[in-house]
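*Asks:* Order-wise, the sequence lines are chains V and S. Counting in the working numbering, the first sequence runs from 3 upward without gaps. Counting in the working numbering, the second sequence runs from 4 upward without gaps.
Be careful, since some hints might not be right.
Not the full set, but computed from the structure, chain S residues with beta-carbon under 10 Å of chain V [to be verified]:
no.: 1; residue: Ala13
no.: 2; residue: Leu46
no.: 3; residue: Asp106
no.: 4; residue: Pro107
Don't read these hints as lab results, they were simulated from the structure. These numbers were taken from a predicted model, which means no experiment stands behind them. Positions of the beta carbon are idealized from the N, C-alpha and C atoms, including for glycine.
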Amino acid sequence: MTKKITLKINGTEHTMEVEPRMLLVHAIRENASLTGTHIGCDTSSCGACTILIDGKSAKSCTILAVQADGKEIATVEGLATAEGLHPIQEGFHLNHALHCGFCTPGMMMRAIELLDKNPNPTEEEIRWGIAGNLCRCTGYNNIVSAIQWTSAKMQGKELPSTEPKFV
Amino acid sequence: MIPESFAYSAPTTLDEALALLQEHGDEAKILAGGHSLIPMMKLRFASPTHLIDINNIPGLSYVKEEDGYLKIGAMTKEVEVEESDIIHNKYQIFIDATKLIADPQVRNFGTLGGNLAHGDAANDHPAVMIALGAEIEITGQEGKRTVGIDDFFHGFYTTAVDEGEVLTEIRIPAASGNYGSAYHKAERKVGDYATAGVAAMVQIDDQGRCTRAGIGLTNVSPLPLRAKRSEEVLIGSDLSESVIEQAAQYASEDCSPSEDLRGNEEYKRHLVKVITKRMLKKAISRAK
Ligand SMILES: Cc1cc2nc3c(=O)[nH]c(=O)nc-3n(C[C@H](O)[C@H](O)[C@H](O)COP(=O)(O)OP(=O)(O)OC[C@H]3O[C@@H](n4cnc5c(N)ncnc54)[C@H](O)[C@@H]3O)c2cc1C
Ligand code: FES
Ligand code: FES
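Isolated chain V, as found in the complex (with noise of 0.2 Å):
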């Protein structure tokens, strides 16, 4: 049995017939047509999945797209405007907080909901706060910068440096 349901990604209603059995991030993915959003584990660990429901960051590969019905959905589509980049994206391209990108629109979305939560983390914040996704290549360093960069960027703080650092 199927069931109609609307989610609004990036500010725009999509409504489908799903069976209840449905991921969240199959409706985005296949449904939606949305393919920013992607599937690393399936296993709830590796994050590649989250998305904000109403702001919160989630694993879409946990969550079934019936229980997301009449939710604000956010995903990485819906980052950059017609002015440009979104500061998080800004921070992950000046600081090299990427190689091959996989993890990349997990990893800025639930930088989002940290930065959101705790504007000016700390380092040691900012480690436990992205806890929850893996990145295979960059060893993480890089993307911590790129949050604290855009920490600073979002209130208007002096910028760190975007050199390289070799640790």
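Dock chain S with the ligands against chain V, hints included.
*Replies:* Just chain S with the ligands, lined up with the frame of chain V:
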């Protein structure tokens, strides 16, 4: 991975949820945070034919002190516990525990009721609830009943919550006097289940005597375990170094860990001893 087909209801009152549970019997399951259930359904370890989503029922999510208890609504999410002022001021054990449960995204969804109702000795809240002496309120069509935490866990994935019932509230005797609590687990990586975990609670009178103590152990026996001999040696004592040592020794002897990928039995017993000592000291320092 996609779960087997099921029907889905999202009732907006508890009465409706209870009626649906009654109607569908053991084919139905409650969906709370879904962060244990959905992974199990994807792996087809669980295949309920009816899911009853209780997220739309108002009034099941709160953290408050009332009538001498700390009361936590079953649908309270880990993140809400982490961010609660009462918890920060008086029940730091939950700050210790939630930080080590999974990761922020999982804690945005996982509920305390679900963590207990899941009935898994690898979960962290069972040991915390044992240490704090919690009571669990269970609601069925006939009304409410309360079960002490020591009678709550029946076996692997089975608890005192019977068919047709919903876990509705967790009640913990409120902190009073010099009260301190702490939790730690050894884990191989963030989000892993405990290799071994220990929850400790102590209450100390003005003469420095221990008047109440609770010790719960995570993932070192088939059921979440109360370290009874450890508690007995603590209560009435002056909590000296040698008493703490003895309590830790008893905990390591009284658990029954099994060898797995996380370590062998000897290693796990050693961890229980070391962590029990550390958590007792931390709880005592928080009590003072
Ligand atoms: C990657 C990952 C890592 C994790 N790591 C940890 C960890 O380190 N420590 C830890 O403790 N947990 C961990 N978990 C489990 C997580 O905390 C779960 O959220 C929790 O175990 C279950 O809570 P839930 O609200 O998600 O319950 P659900 O998954 O919705 O339900 C679990 C079970 O309990 C039943 N149930 C739920 N609520 C009720 C109720 N009110 N009344 C009656 N029955 C009910 C359901 O029917 C189901 O059988 C992890 C999960 C993931 C995905
Ligand atoms: S794909 Fe969802 S957590 Fe890995
Ligand atoms: S950039 Fe490749 S996984 Fe993170």
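*Asks:* Now, for every hint given, state plainly whether the structure supports it.
*Replies:* Hints, verified against the model:
With a least beta-carbon distance of about 8 Å to chain V, the hint placing S/Ala13 at the interface is held under the 10 Å criterion. Satisfaction of the interface hint for S/Leu46 is found here, the shortest Cβ-Cβ separation to chain V being roughly 8 Å, below the 10 Å cut-off. Because the smallest distance between the Cβ of S/Asp106 and any Cβ of chain V comes to about 3 Å, under 10 Å, the interface hint for this residue holds. Nearest Cβ of chain V to the Cβ of S/Pro107: about 6 Å, under the 10 Å cut. The hint holds.
When each numbered hint is compared with the structure, no violation occurs for any of them.
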